[in-house]
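**Student:** We have chain A; now place chain B onto it with these hints.
Line by line, the protein sequences give chains A and B.
Residue numbers 1 to 369, in the working numbering, belong to the letters of the first sequence in order.
Residue numbers 1 to 564, in the working numbering, belong to the letters of the second sequence in order.
Don't take each hint at face value.
What the hints assert, rightly or not - So the derived list for chain A, only partly shown, Cβ under 7 Å to chain B, looks like this:
| # | residue |
| --- | --- |
| 1 | Met1 |
| 2 | Glu79 |
| 3 | Tyr104 |
| 4 | Gln109 |
None of these hints come from the bench; they were simulated from the model.
Just so it is clear, CB atoms sit at the ideal spot from N, CA and C, and this is done for glycine as well.
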Amino acid sequence: MSEIEFRSVSKSFGTKQVLKNLSFRIHPGECFTILGPSGCGKTIAVRLIAGFETPDRGIIRIGSTIVADGSKGYALPPENRNIGVVFQDYAVWPHMNVLENVLYPLRMQKVPKEEALQRARAAIKQVNMDGLEERLPYQLSGGQQQRVALARALVSKPAILLLDEPLSNLDANLREEMRFEIKELQKSTNSTLLYVTHDQEVALAISDRIAVMNEKGEFQQVGTPEEVYDQPANPFVFRFLGIANFIPVYVKEGKTFLTSNKKEFLPLPTKVQREDGIQAENLLAACRPMEVELSRTTGPLEGKVVRKALLGPIIDYRIDLGGTIVRAQLQTEEGSRKNLIFEEGDSCGVTFSRLLWFPRNGEGEGTHG
Amino acid sequence: MVDIYTKPKISAAQIVLLFSILVLVVVVGIPVILIFLTAFFEDGKLNIPGFLQILKDPDTYQALWNSLVIAFGTTLVSTSVGVFFAWLVARTDLPFKKTMKALFLVPFMLPSFIGALAWKVLLSPRAGYINKFLMVLLGLDTAPIDIMSMGGIIVIESMYLFPFVFLQVESALERMDPTLEESARISGAGLLTITRKITLPLVLPSILSGALLVALYSLAHFGVPAILGTEKGIYNIPTKIYERIYSSGGSFRAIRVGTILSTILVISAALILKAQDFLLKKGKYQIIAGKSMRPMLLKLRALRTPLLIVSILYIGITVILPTVTIFLVGGLKTYGLSFETKNLTWANYLEIFRWKMTKDAIWNSVYLSLGAALVTMLAGTMISYVIVKSRPKGKFILELLGVLPFSLPGTVIALGVILTWSGRFGINIYNTPWIIFVAYVARYMAFSLKSNSAALQQVSDSLEEASRACGATHFQTLKNIVLPLIRPGMISAFFLIFLPALRELTTSVLLYGPTTRTIGVAIYALNEDGETVRAAALASVALVIILIGETSIRKFLARLQKQE
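So here's chain A without its partners, still in its complex pose (with noise of 0.2 Å):
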């Protein structure tokens, strides 16, 4: 259980710029996981954290030990940083057999052997791999090695575990159960977490607290899983949470209008209209395709069906609202309770359960996701 500092840490290759000025603090026994597309730095980010790469500029600090300060070209070695890692691509030592996998890390710190042995029993159980001791990687599944890699980083109870996309060569459900056991795991050991993903639903699951990252390495808000989802700070954010509808509107004289066709659309909130930045002229009107509302009835915002796909559960519409494309869902059961059921070519009148509004500044249009 330790305290992780990054101070203003930036790491380039080449010439390409992954972090920049970089700063966050994970605090003691939490689980942090960093969220972005692949690609923007985020692996580099634990890369740096276990040793393997040395920052450019900035400091490093796990626990009271500066572990890498960029100025000075400082950096200390891998081994002698009690860090667990678990790898996108397991790394479960092909020569060794499950037992003699878990037991390496208590070697290499001179546990004596009959603890050692005990010990990796236990972590050998934790990861409900017991009876498969003695097997090795090759005649073990994906599942199975991921849980060796697990057990493998838990066994010396490091002060710190990194896990860097381990779920995301695994099918769905495997990926459901396993993200469950590494948080309870997560649990029982108390020790700090970081979790490198680009997998939103993993982040909203396991997480004390996400930052999410966008493609130049910088983070764009940190914050609990509730605060991410729910007061998303920049369309970015919100569109990378979850299926997003953005809408370009402007205000003119106190009403707003859609950029598309130049109709008015909905009153902005009064209490939106106070707050910073979104005195600016162009907005963008996000949502959630469950928070698009459908009526038979035309209201004040009238759409057209232009396409229509059944998902089981949920029914999916592509609604045009006079140039710009909004996705719509509703629980299939709700649809045909109350009529809701369009077909393609059909008129809808259309409301918002929720919109959240953000300034425009060249940012995306219609639907993502």
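**Tutor:** Relative to the frame of chain A, chain B by itself:
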């Protein structure tokens, strides 16, 4: 909270890097630089006219021309033979395919200078057994076949080099995606059209790359021209270099001529390798379908048996006939007698192990090749590790030095080693086994690098990083994770060096001293002195050693593979 710095330990990486650069610079870099310096500079001044003058000298010019003609001819013959048999094995319903495929690779095992020796015994114009037989049979006054000619050299070299083409083309034909041909067939193309328009263009890169490999070997080949050509005054570059140095007793002027001819060899080799690299990349992109599938097989029908007989005859003539000849000649009481039981004796073979010169030669070859294989394997592992795995500054120097050994013919290495280790830098190991040892290390470094890098590329970085994260130092990680995982690559590197080194001739022949003959040198020297029977007896012993070595190693590697 107070920030605490912990002192880092010195990493093993820097030491390994420095050591690797040192080995490559000393063993490969300096000799090559010295060759170029000696070739282009005289008395400390750049001397291009001098360089050109030696190339224009009729004697050296003729050697250059011969090398070119022999390489060209050998490449042409090897490629035709190799492609034909590759096609026969991969694409027809020839019987006993697996056995035939293995048999076509046997010429690789037979040292070509021993093959040449056998053919000289059979087909030399004056005393060749077959020639004498034909003269009697046909009532001729002169020998019908003269193997000691440019044509003879080309044919004999091709016999032992064609597997290069066979191997490349056969595997390309096997891996080729059959759907490519099937779709052409569905479009209505006949088998001939398909072969011409689809199959041939697709395997062309493999054919050409095999051909280039043959050209590379032939251009710098010493054994066959030395045995079949020198007596008749036919020299190629390597034999000319040897002749000049040998006849002048190692004078500097002769060495200078050698270095000038060497530069030509190195430059052509580099060009050939570059072309081959390019072709292989292109070929991979086009052909590889991943899994090998069952290709369309041509039914040979009535030709099935005749073509099988042709294949067996080919093997019989190129492998079995010369081998049997060597064993029989080795048993003759006097050279020239007929192969009747009353003329045969075991005494020659026993003598090989009693006579100091041959006994020494066997012992020298065994310990020099074992030592060189071990050292080259270990050094190659370290160098490959640095090239493949780490990213230190100065790595590019290492990569540059690392490819150099690939384009260095044996003769060139020998010359470079003479220039470096004859006291110029305070160390004179000329006439000692050490100079041969150093030359072997330089000559076979390329094999070691190739085998080790291939193995290392299979070990993903995260396997090492996982070990570091578990608290293992860099050194412990190498010992516990990397070495066990690349062990098969290291072992095969060892054998890839040990076996060819055991029968090495090209390099050793320029470096041996009175007590440091190797097996190859001893056979060559005995033959030169007209001791054909003794040469053949020693060659037989060498063949037995090679055969035992090859088979036990193949078994060992197969077992290793099963374990993996």
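**Student:** With reference to the structure, classify each hint as holding or not holding.
**Tutor:** Structure-based check of all given hints:
1. Met1: violated (15 Å)
2. Glu79: At 5 Å from the nearest chain B Cβ, Glu79 (chain A) passes the 7 Å test, so the hint holds.
3. Tyr104: Holds - the Cβ of Tyr104 (chain A) comes within 7 Å of chain B, reaching about 5 Å at its closest.
4. Gln109: Holds, about 5 Å.
The structure does not agree with numbered hint 1 stated previously, though it agrees with all others.
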